[in-house]
Amino acid sequence: VEAAVTAPDRRPALAALALTAVAALLATAPPSAGRTASVVLFVLLGPGLGLVGGVRVRDGWERLTLVIGASLAFDLVVTVALVYAGAWSVTAIAMVLGGTAAGGAAVQLGAARRRRARE
Amino acid sequence: MLSRRLSDAPQADGGAAPSPVAPDPDAERPAPAVADRAPIVIPIVAGAGSRAGAAVGQLLAASPPPAETPSAQASTPVDAVLAALAPLAALWWLLALRDVDLREIGDLGIIGVLPIAAVPALAVLAAGFALATVRGRAWVSYVYVVALVVALYGVLVPIEEVPWYNVSWRHAGVADTIARTGEVDPRIDAYFNWPGFFTALAATASFAGVSPLVLASWAPVVLNLLLLPPLAVIASRTTEDPRVVPLALWTFALTNWVAQDYLSPQAIAFVLYLVVLAVLLAWFGTHGPVRRPATARVAAAAVVLGSAAAVVASHQLTPSAVLLTTAGLVAFRLTTMRTLPLIVGIAAIGWLVVVAVPYLAGNIDDLRAQLGNFSENIRSSLGDRVGGSSGHEAVVRSRLLFTGAVWGAALAAAIVRLRAGRRVGALAVLGAAPFALPVLQPYGGEILLRVYLFTLPAVVVLIASGLLAAGGASDARRARLALVVLATTTVLLPSVVFVRGGNARQWLFTRDEAAAVDRLYDHAAPGSVLLASSPNLPWQHRRYADLEHLVLVRQERQRGMALADDVASLLVSRGKGAPGYVVVTRGTLVYDELFGVDDTWGSARDLGAALDRSPRFRRVLTSRDATVWRLWRRQ
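Chains A and B supply the protein sequences, listed in that same order. Position one of the first sequence corresponds to residue 1 (my numbering), numbered consecutively onward. Position one of the second sequence corresponds to residue 1001 (my numbering), numbered consecutively onward.
Pulled out of the complex, with its shape left as it was, chain B reads as follows (with noise of 0.2 Å):
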């Protein structure tokens, strides 16, 4: 076969004001972060009684203790010019990024073009937090977080001259295709088997007046923000130190590197997993249960089971996950909702028979063949996935590392906790549940990107409740505890800049990339056929059913004259009548380029060459990014 339809490819699918979300001074858990029960002094910096000593001493210094000082809890001027750096430091980082040029992007991504201007504002995020941190002032912390998240994860904005990411683009034309005609065709492909998410897409932009392309650009950022209230639920229902709640959250965006927070179904699925593991916890929980009205309690439940029923409609894999973590919950009686696993295990299966029926009778074969594979699951995941050129060998190593270091001291801090007669169990359900995925699939060899995704939660609490034990809780020990936050945000934040951006030379397209193809879009006939190299260029974000879209796979071993005359028959047959089109663009050739090329037909620059010289082919547009060759004689 010489090619695959693209679409059928599985989705490759506290202090003074206790929160920013809601300040209200009569908490629910009112007490105080150790830091703000301290003495203004710090003996281990102050001691020395340098004027530079007790201005650094000074800063660290939180409130006096409550008992002595009423206002004790009353944010300070330094606190509010603190808060204020925070999303000074993430404008400067994003105006100063502003100057990188995509093209100048290589291999290694992101941190090969940073800009040394943008530099400081990364130590003024990391040297902010972690000072927020020990002056115990909770809410200035979270503004850290979410300029930090700002940061990380809207550093494509500043550079990208249209969205980033061929998948948004896809996903931007499976909810324009539901929003023009207003119908939900399984037979299309897989995800419309799976709607959910991209019915909402549809409306939203609909009420937006816009493509859902435009949503496309900034989802990282809010995503990611959406991510942070349940998970702040889960830091605080399973540690007892109310300061593990900010330091999870920082953890976590220094993290996430998987980058499955675009615009997705899975990016929605994961939040709204995430809502239905906090619930559980906070209002289901077994431990410390909360004295919660009737009403609270039908509501929140009702949250939860909407919350699996939407996880269910929108998105393949995330039920299991849903499925086994709250089995686990379940198991070791850490949740009184036990009959959530049985439910969302119904619901998803009951989804794929009736609703997914064409999804599953196209793959019912392949899905039978990879239940219980766990090896050659891992393995395609792990194996194939190292490789292409030097530069992006380096990067998939480093994110191998990466993951691997993290899990270590995930595991490293849980041993810590279990020695320090401290509970684990919510946290070792939610971390190693998840690693029963690749039990059911290799889900397009990214199960252990999502594997990494869903352990996250308690990987990130445990990570921070690690650090807190390793800086001490005792009030003399505060600028060891900033030297620990600051030592780890200072391995982290450069190498998640690294892992997470090491695709973006990958990810952006030019204006001139995204003109090429609108046009080809503006003139092909309806049931024309689309064939490009590789997936990775700017398209289907519109007419993404009346056109087919066809990759080339790397089973054809022809060259040459021969190869086009392949591609000329693959279009005339999959045509039936209609124009066949060869589409070229920078982005195909940086694709080979990153992923190099093997004995088969070659680059896509092979299939450019190819093409030029058969006479089945014509040019019908040229510029200086992209390239469609139209077929011109049928035989």
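So that you can see chain A by itself, here it is in the shape it has in the complex (with noise of 0.2 Å):
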């Protein structure tokens, strides 16, 4: 039987951040290669970064399916249900995009913090 738990780690909390913040940034700039690649790694990797990105597995492989996955169907499944829901907003779908990613790395982040207090 193999240990999967490891050390809190704070990379994809902030990665997640980096991602959002970027993204955000840019996102009043005209348009340009910069701001769709921003975006895409953003939908790509963000929402996951931050819902799963707190899971301690030590395997990178496994770290980024789980943060791939998430994400994917994350972005997926909200669009669908806002536009099943007659809610269609870019402005909503980005605050649940961007909400989702920053809080959970937030969260992470505070996680983090409480354990090594604690230790």
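Treat the hints with caution; some may be incorrect.
Footprint (simulated), chain A over chain B, 3 or more residues, beta carbon under 8 Å [said to hold, decoys possible]:
hint, region
1, 1259-1273
2, 1304-1317
3, 1581-1594
Derived by calculation from the structure, the hints in this document are not laboratory data. Note that the Cβ used here is the ideal one computed from N, Cα and C, for glycine as well.
Two chains, two frames, some hints: make the complex.
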């Protein structure tokens, strides 16, 4: 039986915050390859990093699989839910996805801080 | 019936750093690759004692064994140089392809116009990966995998004038419609009955401030990169040798010829399909269970269920593949998540009868007739696709040969594993379950393509395992392993360029064609009917729902003026008073040349000639690569 628990890792949370911040900063900039790339990176990884980035897994591939799966699933389910609810709004979607990424990252950073304080 | 609505068609439709993803010196499965524990000297190569032999031996050798040297896992400058060569080779390849003129691409596709200057880049990638494999530096191998994905799946980017593949244009139009209206009208066509991918695409493009079409060019690269993590997890959880992982990813990039990785629902659904399987095997597998915190297991279960839900809302076929494969894993007690198939089945059927009601109502007879008709569904995927020009037929036959050879190699590798007493259970399920898909439906004649795609995760792991077995695990046989990997890559690399890129002539459009269609869209009144002789043109990327797009089918036997009159009647009846247009582009002419014309109404060229002679039509736009006629006299 293998042990899969690792010490808290702040990198996913910091990555989520960075992706969210860059995408938000570029949101009002004119369309460009940089803005498109930052948005695509955010959509593919941001929500997943916020949702499951705090799951302690040592294998990098497994962690990335969870992050990608969570991001794509969250993107698709949220956008479909909003469109069927008649509440389609790009701003609302951005707030939900960005809030999930940044909020999840904040929770992870807080948990890591409390854990370090206890130790 | 003279025409069909285009969009009504079925969706045709290791070493120093353990991982490049999250370097972690305290890896969960710390067993080093066999090559990592090897002595420096490689007798078979260095035994001759010559300087050249010694140099090659040095290059092939990994660090000293960990037991002797604590820093054995440290990368050497050789590793860094080797890794740096990979992105340089990919860049070299892409730059060399900038000289290709898409008009010079013939029926054999990319391979026929490949510049000689591009070939050394592939040689560097092939040789570099073989070296990285025998040196046991997984992270270097992963750099090569990423470079190969960029090179192979970004191959059209330097060549294209506008985004490739007409179906990407159509998908962009669906997302554009949702972004503009904020609604999903399931009566429009099948896409609006499974809108998950399109709503996410609409949101992404809106965030970026661009048309969804802008995301099409690099989609195959991005989507294939997304496939690598779950594929790596599947490889590591179904085999014992960690060297299998990079080799399986490499093999995947060399065998994924089916081109279902364009901007499409099935591409995202396939990523989620692999995520479901990877998480099931890693978190809920019955072999080599890993002790996980409860919160981690809850999170993993949520990812599985969320991914399955997203698949159900996005694609018609992939839920069936998830259902079949997970049911196989449950049946053979390979996963503890035993209720998943039931959940997926209920969700898929529930979606069909509750949300996709318009689609079901319009297609239930066809679906019923196809269900269980295995042989006919296979025939439509096989025999019906062999034809067209001699060049195109050579491409199609080569694809069949390539597919058979890949499946054959996987079967042989599975037999070798069984004889060696190694487990194949999960790989057998992952490789066999998709073969039940043709029982359900022909999927527009594409079901065998999809079966190949869904079997590919197991197939590439088996082939990678077989290559390592053929290369030998002993330290003395590294040169043999290098030769095996190099020889395999040498065969597969040009083959996949040929079979995957064989449709490049059809896929690529000129700026002129796209500009002509855009001018038509700028001027056409709402409700106008646009007709083309084939679906192969860059259209439907906007005004998807407020214009009607029609494609002539081969049931009309009229020619000449009679054909023009029939087309006029069709435009009048479908337009209900709105203007009608006929579009002939370079792409539609290429389509006829590639796939052939028959003895019915002829070709796009014949259609254009008939319209020119008819007093009922007038040319309203003529450019180098496109002509547009407007219906002038309705009677």
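Do the hints match the structure? See the list:
1. 1259-1273: holds (count 3)
2. 1304-1317: holds (count 7)
3. 1581-1594: n = 0 at 8 Å, threshold three: violated.
Consistency with the previously given hints fails for number 3 only.
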